[in-house]
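2 protein chains.
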Amino acid sequence: MYGPKCATRTLRPNATRSFSTTSRFQAPSSLSINAGRLWETLHKTCEWGASHRYGENTRDTGMARLTLNDDDARVRRWFADEVQKLGCSLSVDQMGNMFARQSGKLGSSAPMIAMGSHLDTQPRGGRYDGILGVMAALEVLRTMKENNFQTMFDVGIVNWTNEEGARFPKSMCSSGVWAGAIPIEKAWNLRDIHNPDVSLKSELERHGYLGDIECSPKGYPLAAHFELHIEQGPILPANERKIGIVQGAQGYRWLTLTVQGKDAHTGTTPLENRHDPLLAASRMIAASNDIAKKHGALASTGIIRVPSNASTNTIASEVAFTLDIRHPDDHVVNTVQDECLNAFDSIASQDGKGVSYNWTIDTDSPAVKFDKNCIACIKAAADHLVGPEKSMLMTSGAGHDSVYTSQQCPTAMIFIPCKDGVSHHPTEYSTPEDCALGTQALLEAVVHYDQSRAYEGNVI
Amino acid sequence: MYGPKCATRTLRPNATRSFSTTSRFQAPSSLSINAGRLWETLHKTCEWGASHRYGENTRDTGMARLTLNDDDARVRRWFADEVQKLGCSLSVDQMGNMFARQSGKLGSSAPMIAMGSHLDTQPRGGRYDGILGVMAALEVLRTMKENNFQTMFDVGIVNWTNEEGARFPKSMCSSGVWAGAIPIEKAWNLRDIHNPDVSLKSELERHGYLGDIECSPKGYPLAAHFELHIEQGPILPANERKIGIVQGAQGYRWLTLTVQGKDAHTGTTPLENRHDPLLAASRMIAASNDIAKKHGALASTGIIRVPSNASTNTIASEVAFTLDIRHPDDHVVNTVQDECLNAFDSIASQDGKGVSYNWTIDTDSPAVKFDKNCIACIKAAADHLVGPEKSMLMTSGAGHDSVYTSQQCPTAMIFIPCKDGVSHHPTEYSTPEDCALGTQALLEAVVHYDQSRAYEGNVI
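Those sequence lines, one after another, are chains E and U. Counting from 1, position 119 in the first sequence corresponds to residue 119 in full-length UniProt numbering; the numbering is continuous, with no gaps. Counting from 1, position 221 in the second sequence corresponds to residue 221 in full-length UniProt numbering; the numbering is continuous, with no gaps.
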């Protein structure tokens, strides 16, 4: 796979914090993003889909801009206009992924370096998850344009369709198709969770976003993929760091457990005669937490469901719950799953006359290691901007489009802190300063990467 | 409170199994209920509300005859016709309770001896719970009529409105109003759980069942209340008994626990940073079972709810669950509740950054002891019919209209076995033989009671 060796060759071993003066390759000192413009643009575009007011100020809302709803179509049209104003070409592939491309100095037809993320949100989402990554990328291109700065190779932006998987239930959907991990027919055929008459493909057609370009690295190749994102967790603020240099993403596996018992009257059925699936599920959830804790892993249950006719005085007939196991090492994910299932076997016969259960794996996302050169370019930017005391290497806890792009092109991510680690929530918040810092880091990392690439290719 | 002393004076101390020949008071030997007619009537009337087919035979269905729906109105009209054909007077009170009354030999205006239960069902209920009690009472009156047998005092049937509390959420609703335990305005104002525009009162009016008679022992006094019911549990079959002589009902208390946490991303939030209400609720449910087991009590959770926007990769913000605690001794119910709340306090701070919780008592039904003379009359009937080896004294695990009537008049219940102890389920089943045996026991108990009452009152 093509990729400059940023860490070992491009950056001087003794590079100090002042990257812009000590690195071989540097952005012009004037190349500084416009923090105010970034902030205004971010929030102005959030008027499309603003929802879930939590405060009195105009912008004290969350977002409900679900994939390919009318607001998502509006922000897409706006985005298309803005990148074309900058002189970018715009391509749309068969999944509605939008590729904005700014020509580099070299006039090379080689793949562009992409800054990508997504404009869709959760139904009760916030204003930063995904959106910041696209708006930061736009701010980077605007900054370059107004400074008459041209990268060597082409550089651009990707807006990935349906990252959240909230309306059409497959997360990181279109980067997954692009990477070859999700068959396009399956993705096209995803149904609106509230209206099975509507498919992702029918919504692409309705809004004019069913492009001709094959959704693949062959259809639209990328030289690299950089993504700025909010951390969505408490680690950066807890460690008083401003920039996270994301080396990879932890593996995760989602299971659904279905526990079958037998409905019975709570007043007339002795404990020893019961097949109580809710009691068993409760013990299973508690056990999975204990097992994960022992291994330094995560195990979480977000959903538990009893039948719709459940009542206070009836033992449920069946209970279903989800189990989300995560760890940066796939081997540990496997171990936690195995130990959980062993524990569940014991629990199933522990109370009364026992229960039966079955389980399915709904999602299995192996751990990902990002590209060391992309990481090095971000580290150089972070060192320049805040120094190693205020940045840190970290592993993403959540999935992102970069997890899929990393299968096909050099990829890494930049995290910035978000308040209290809260995301997927209307009150999700990052400060204007942190958004600006992350955007400046994105710009500098991309410039680094571009210059390293040119150097490696002996074109400069 | 008025009541004959059936056990100590009416029955000879040396009464043997052959009650009909050894008791001072006896039904004529020809007074035997018609098992076939009972069975046919029971299932014919179940055509109104039949639902939830589980087998191929016509009657292989459960019931969905919710209080005052159109099918409930149909069976009420049918019931009114049938009792009037027998020469009964029919009265309807302000809660739609139906009182059918057959005159006794004495022509006394004293309160009638009632056989009562209910014709409404759960939404996924069966063909026996409640329905059997009313149809058995009708069969008793039919048997008396065709044998030209008259009790001394008036005897009759009560069809209590909304025993299940499934459509209008208050169980044993109208016997509760009658007993003075539930204010009538509150009962009238209960809303259909699926349609808040419809109240219990508006449905009484729609079907012409909003009677003039005050719903109280003053409005319609009862001398006694006998109720035949399926056991709804496994104790009779487990002990190979055919008739349960129900001495009372266990106390029960229903709580709703609401556990508040904080929604957070499962992938990005370390275990030690979480406020996870579903994990805490799971530990609470498991703990409540352990505590109840220690005390020989019952503790059950039938309902658990996460927010509607719950997802696999989000820690829930709040979880609510029900807790149903039961024991024949109120003191034990209190102890179990206290120990559960103590355990919940510890659990609330056990994991991560902890959770908070609050609790409400939704229903508190103290333990009930039924009338010893009514019990003695049922015991005499059971001894006569199956002998002490095939009957047993027991405590009702469930609530019944008799729990409320016992607050105002001498009351006891007869249980018969139901298959696998299953009730509140379409497959609920009792054999024709057991239904007939219970009905015969009801007849004989009522005749006993009537004759004892007349003897006590020196009218025979």
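Treat the hints with caution; some may be incorrect.
In silico BS3-like cross-links for lysine-lysine, where the CA-CA straight-line distance does not exceed 27 Å [unchecked claim]: (1) Lys218/E with Lys170/E; (2) Lys145/U with Lys170/U; (3) Lys353/E with Lys419/U; (4) Lys390/E with Lys293/U; (5) Lys105/U with Lys293/E; (6) Lys105/U with Lys85/U.
Here are some, though not all, of the chain E residues that point toward chain U, as calculated from beta-carbon distances under 8 Å [as the list claims (entries may be wrong)]: (7) Gln250; (8) Gly302; (9) Ala310; (10) Ser423; (11) His425.
Think of the hints as simulated: they come from the structure by calculation, not from any bench. Everything numeric in this text was worked out from a predicted model, so none of it was measured. Heads up, the beta-carbon is just placed ideally off N, CA and C, and yes, glycines get one too.
Does the CB of Gln250/E sit less than 8 Å away from some CB of chain U?
-> OK, holds: Gln250/E within 8 Å of chain U, min 7 Å.
Regarding the pair Lys218/E and Lys170/E, is the alpha-carbon distance no greater than 27 Å?
-> At roughly 23 Å apart (the allowed maximum being 27 Å), Lys170/E and Lys218/E satisfy the hint.
Interface hint for Gly302/E, Cβ within 8 Å of any Cβ on chain U | 5 Å, holds
Mind checking the alpha carbons of Lys105/U and Lys85/U for me, to see if they're no more than 27 Å apart?
-> Holds, at about 19 Å.
Does Lys145/U pair with Lys170/U here, judged by a C-alpha cut-off of 27 Å?
-> 36 Å, violated
Taking the least C-beta to C-beta distance, is His425/E closer than 8 Å to chain U?
-> 6 Å, holds
27 Å Cα cutoff - pair Lys105/U, Lys293/E | 77 Å, violated
So, Ser423/E near chain U? Judge it on the closest CB pair being under 8 Å.
-> 6 Å, holds
Restraint check for Lys353/E with Lys419/U, where alpha carbons must lie at most 27 Å apart | 17 Å, holds
Given pair status - Lys293/U, Lys390/E, alpha carbons within 27 Å = 54 Å, violated
Restraint satisfaction for Ala310/E [CB to CB of chain U, less than 8 Å] = 5 Å, holds
Hint check: violations occur at hints 2, 4 and 5; the rest are consistent with the structure.
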